[in-house]
Amino acid sequence: MKGYPSITPLIWYQDPVAALAWLERAFGFETRMVVDDGQGGVIHSEAVFGDSLVMVVGPPHGAAASPAGLTGRHTASVHLQLSDGLDAHCERARAAGAVIQREPATQPYGDRVYTCLDLEGHPWSIGQTIEELTAQQMAAATGRDIREKL
Amino acid sequence: MAKSLGFQSSVIYQDPKAAMAWLEAAFGFDTALYIEGDDGSFIHCQMRYGDDLISVGQEWSDDYKSPLKLGGKNTQLTSIQIAGDVDTHCERARAAGAVILAEPETQFYGDRTYRCRDPEGHHWSIGQAVEEVSREEAQDRLGGGVKITGWL
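Here the protein sequences come in this chain order: A and B. Mapping the first sequence onto my numbering, position 124 (from 1) lands on 124, and the numbers just tick up by one. Mapping the second sequence onto my numbering, position 64 (from 1) lands on 1064, and the numbers just tick up by one.
Heads up, none of these hints are tricks.
To give an idea of the interface, some chain B residues facing chain A are shown, with a C-beta separation under 10 Å as derived from the structure: (1) GLY1006; (2) LYS1065; (3) SER1125.
So the derived label-pair ranges between C-beta atoms look like this: (4) B/LEU1142 / A/THR134: 45 to 53 Å; (5) B/ALA1095 / A/ALA139: 33 to 41 Å; (6) A/THR129 / B/GLU1091: 36 to 44 Å; (7) B/GLU1105 / A/ALA141: 42 to 50 Å; (8) B/LEU1101 / A/ARG92: 36 to 44 Å; (9) B/GLY1050 / A/GLN101: 28 to 36 Å.
Examples of chain B residues toward chain A, derived with CB under 7 Å: (10) LEU1005; (11) VAL1011; (12) ASP1051; (13) PRO1067; (14) ILE1080; (15) GLN1081; (16) GLY1150.
Honestly, the hints are just simulated from the structure, not real lab data. All figures in this text were calculated on a predicted structure; none of them were measured in a lab. Think of the CB as a built atom: it goes at the ideal place given N, C-alpha and C, for glycine as much as any other residue.
Isolated chain A, as found in the complex:
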């Protein structure tokens, strides 16, 4: 479809309708489209935050799984980059029941970041750039070799 990002995460939930409501409450996403299967499941949905998009679907079938069905393990996570308000975003998520794994902290590469688990155990990291650093400055700050090619 036109106007879609190049890359969109699609996240599996046992209860996708509850997940959409939770993502609105905890993270401030807006649900703009739901294709439900008439049996409580969601074939396709789109939750937006600014110009950004995730798809929330379920219940999982075949090779798909929610971390809730894998004793909390997961094969991917999603990072959300904010323009401002990182600490307030963390407090909103915590109030909605997010399990905060790393409290907001400013990282050596210039971003302030917190991480949490959502209602079914999917991991999220949320960041905000505090200071713009070049690859060279990042390398100096972290003591790591940083390059832009393999």
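Given the coordinates of chain A, assemble chain B onto it according to the supplied hints.
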């Protein structure tokens, strides 16, 4: 309200360096940022497709696992929207060893898509817009038993 500058998936691999090379060969990702230790160990990588990035992640805790360790299960799928020809993209991925789970097919909402599995078992969906479809038309094509709320 804090505005979003974007979502970015981090996809977890047992062998992230091999995954970087594979994602470039199969899908056409470019390496945007790569961080490694003095001993050549993988620390962090971001790869670009179009305007967006993914992170290639590693199994850095007991909870972050490659599908290889979870009987092929996936908790997320990554969807890529391409501007080019999806059938050509599929053949490139297949030649690089992708297991095609659904061959390219035009969907009710106007995208031509295919789905595949990478060497560590992550699932990917790749789509190309081929047709503009209204909500009413999409609903008709789906038939009964399915309800669409919202459309673009």
